[in-house]
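Just so you know, the protein sequences line up as chains P and F, in that order. Just so you know, the working numbering puts 123 at position 123 of the first sequence, and the rest follows in order with no gaps. Numbers given in the working numbering equal positions in the second sequence, counted from 1, plus 148.
Any given hint could be a false lead.
What the hints assert, rightly or not - As a list, the in silico EDC-like pairs of lysine to aspartate or glutamate whose alpha-carbon atoms are at most 16 Å apart:
{"id": "1", "chain 1": "P", "residue 1": "48", "chain 2": "F", "residue 2": "359"}
{"id": "2", "chain 1": "F", "residue 1": "332", "chain 2": "F", "residue 2": "381"}
{"id": "3", "chain 1": "F", "residue 1": "354", "chain 2": "F", "residue 2": "444"}
{"id": "4", "chain 1": "P", "residue 1": "45", "chain 2": "F", "residue 2": "359"}
{"id": "5", "chain 1": "F", "residue 1": "411", "chain 2": "F", "residue 2": "444"}
{"id": "6", "chain 1": "P", "residue 1": "45", "chain 2": "F", "residue 2": "452"}
{"id": "7", "chain 1": "P", "residue 1": "48", "chain 2": "F", "residue 2": "383"}
{"id": "8", "chain 1": "P", "residue 1": "101", "chain 2": "P", "residue 2": "60"}
{"id": "9", "chain 1": "P", "residue 1": "29", "chain 2": "F", "residue 2": "191"}
{"id": "10", "chain 1": "P", "residue 1": "101", "chain 2": "P", "residue 2": "121"}
{"id": "11", "chain 1": "P", "residue 1": "97", "chain 2": "P", "residue 2": "123"}
{"id": "12", "chain 1": "F", "residue 1": "354", "chain 2": "F", "residue 2": "436"}
{"id": "13", "chain 1": "F", "residue 1": "446", "chain 2": "F", "residue 2": "338"}
{"id": "14", "chain 1": "P", "residue 1": "48", "chain 2": "F", "residue 2": "452"}
{"id": "15", "chain 1": "F", "residue 1": "332", "chain 2": "F", "residue 2": "383"}
{"id": "16", "chain 1": "P", "residue 1": "82", "chain 2": "F", "residue 2": "359"}
{"id": "17", "chain 1": "P", "residue 1": "131", "chain 2": "P", "residue 2": "60"}
{"id": "18", "chain 1": "F", "residue 1": "354", "chain 2": "F", "residue 2": "452"}
As the list claims (entries may be wrong) - Quick look at which bits of chain F chain P covers, simulated, 3 or more residues with Cβ under 8 Å:
{"id": "19", "segment": "186-198"}
{"id": "20", "segment": "368-374"}
Read the hints as simulated data drawn from the structure, not as lab findings. Source: prediction; values computed, not measured. The beta carbon of each residue, even a glycine, is placed where N, CA and C say it ideally should be.
Listed below, chain by chain, are the residues.
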Amino acid sequence: MDDLTFLLTTGVGVAAAVALYVYLAGFGKSVQFANAQEAKTILQKAHKSAALTDIILSSDNRVALAHFQDGSAQLLHTMGHKWSTQALNTNSVKRVKTTSKGGLHLNFRDYAAPSVNISLETESARKTWLKALTPHMHATQVHAIQDA
Amino acid sequence: MDILFSTLDPALLSDPSTYAGPVYALFIFLEITLILILKRGGDYEPRDASTSILMGTGSVLFGFLLGGLGYALLFKVYTVRVMDIPTTPLMLAVLFVVYDFIYYWNHRWSHRIRWFWANHVVHHSSQHYNLSTALRQPWFSSLSGMVLVYTPFAFFGVHPGALAFVGSLNLLYQFFIHTESIGKFPRWIEAFMNTPSHHRVHHSTKPEHLDMNYAGVFIVWDRMMGTFIREEDGETMHYGIVHNLGTFNPLRISSHEFVGIFKDVVQRGLTLRQRLAYIFAVPGWTHDGSRQTSDDLKRESTAEHEAAHAQESVEA
Chain P
1 MDDLTFLLTT GVGVAAAVAL YVYLAGFGKS VQFANAQEAK TILQKAHKSA ALTDIILSSD
61 NRVALAHFQD GSAQLLHTMG HKWSTQALNT NSVKRVKTTS KGGLHLNFRD YAAPSVNISL
121 ETESARKTWL KALTPHMHAT QVHAIQDA
Chain F
149 MDILFSTLDP ALLSDPSTYA GPVYALFIFL EITLILILKR GGDYEPRDAS TSILMGTGSV
209 LFGFLLGGLG YALLFKVYTV RVMDIPTTPL MLAVLFVVYD FIYYWNHRWS HRIRWFWANH
269 VVHHSSQHYN LSTALRQPWF SSLSGMVLVY TPFAFFGVHP GALAFVGSLN LLYQFFIHTE
329 SIGKFPRWIE AFMNTPSHHR VHHSTKPEHL DMNYAGVFIV WDRMMGTFIR EEDGETMHYG
389 IVHNLGTFNP LRISSHEFVG IFKDVVQRGL TLRQRLAYIF AVPGWTHDGS RQTSDDLKRE
449 STAEHEAAHA QESVEA
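Bound conformation, chain F alone:
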């Protein structure tokens, strides 16, 4: 038991994602081979997969170049902390769970606020769902300001090194759920862990699936917050975004939503409130209602289903 309370030096905790590259590559090759042998369990496309990997590389690269800003902010806040929380294995385990809850909200806001979506859309931009898709990460997330969500940890005495460590483990876990090669796990696992099945739903473009299953590691957050939806057995999934991109160019993929925001904001004749809404409202919001939000798409889909049921009832 003592080992749970033994103090660790948080500055010496390594960042697991730094060494994860070879593991990612190995599992991607394994997944391709498995699909090739079994002739099922997913799909790879050369340009799509290479784009995703290049975007992952770019994300780490920009993290090196810009990520210092966020880390510096956490350290700055840590210097004015109100208490000290020693870094122990037990503390890291608790932090892992709490971090995952904060990740749930971070992820939810990334879907519901266009400024954050402009980064996160990158991850959803592939029409494929395989391990390489997990690596399709934004390049400019360090500039989004989302790091502010994590500053209370530092303020209450969590060392930024410990935060980076659990954040990295969280990300590592999520790599393995981006696959169609695994169906469903036993019910008890599906009940509280985020699994490939749950996360496939999150990447699906079916209106009912939009903005659901935000979890990182523990699906219980979605169950608690009412954003959980189950993958139906044998359901055919279509992945990507509502308006899929027509390019494999990593720079365009990384920046297309920011370009869209800019074009919307500089339109003539808008009020300040409307310009701000183009940045911070839900993706798909427009001042003239010319586009659809995920809520609009869900309402439309529900209405279509109800109309179809009504028609069936009349015919019966």
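This is chain P alone, in the form it adopts within the complex:
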């Protein structure tokens, strides 16, 4: 038992120390796309089979949602220094919450990509995102948002 406790405490300790050192070394900042074109390029690469039709971006340029000609959708979001893309289907979005800063917090049904924060500065941007996300929510979720 002592061995396991030692293993756990040193493991967590080293993980925290490395994270702190990496952060202090200046490697803590997440990536951002410079503009919509950069986000389009990444998303188009992730979904080559159909042309991208429309795209919306978060205010901090860290999340983008694109729709494609074949009716599919892809969400682009940061994983630290790297990008992660996620296909959105009709029922992908499990829950949508408005954050205290007026952005959106999405929970997905995808076990390997559970949630994402979308930074938004204006009410119109929030409405645009909600409208764009509606096809990917369950009907009850859509009603809840409309009622709110």
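Chain F: place on chain P using the hints.
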């Protein structure tokens, strides 16, 4: 020469990986410092690195809790061994090489059979490639049944302690090849040893690189089996898996492929053969062809290259 044949007590051989923790930590700090000073040679991200280290800790922890099962099986088989192989320094050296060949197959099956991939995908799940990535290890590998691959050693008289010793050395070697801070070694080393350059290719997501360079210590196995591919000079690598994860949560990383298998297997309307294929076929296999395997991705990439060449020829 006599020392090569001197008999050792295999039960007293220490497991080097048990003491490797401080060495791992020291070299991770050194690599970060080197990247910081040189402004090249890799990339670290706080959450990614800490997740990898926590996953390494979890892997050892689960090894303690569950690993006894595999070790117990090896000892059980050892009790019915057909011969005795004394543990000597020469025997350990030979065992190290033979073990590495078996490791090649173990690793190859871990990429080509989804049940084993469900564990091994954990190691490939980081989009970064640095020393901390080496520690991103699965938690449930003791339950995969891969230990069966090593039972013939015990059956033919290799003490499980000797097996654990060389296995641990193999793992220790592999820690040091997870780095972008080292370019290429002299050609004679690159010719027969697995190096950072060869292993970067193994972690790359470029279709041509998928399921290549399986070696642990000696790259010669890949050269012999036709699974070797060289890293091109100046090539920009993208690491991770074909569909990268959107989480740094260690539990989700450890279990996501098992969850995927479960969801696939319980789909309605499948035959038993299809359900089994979702567990044991190559990763990416689906009954309706809705996903791509690494072979599909390679074929697609080859076709794209050929089309591009044809277009260039027409324009020329």
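| Hint check, failures only | Hint check: 1, 4, 5, 7, 12, 13, 16, 17 and 20 fail, others pass.
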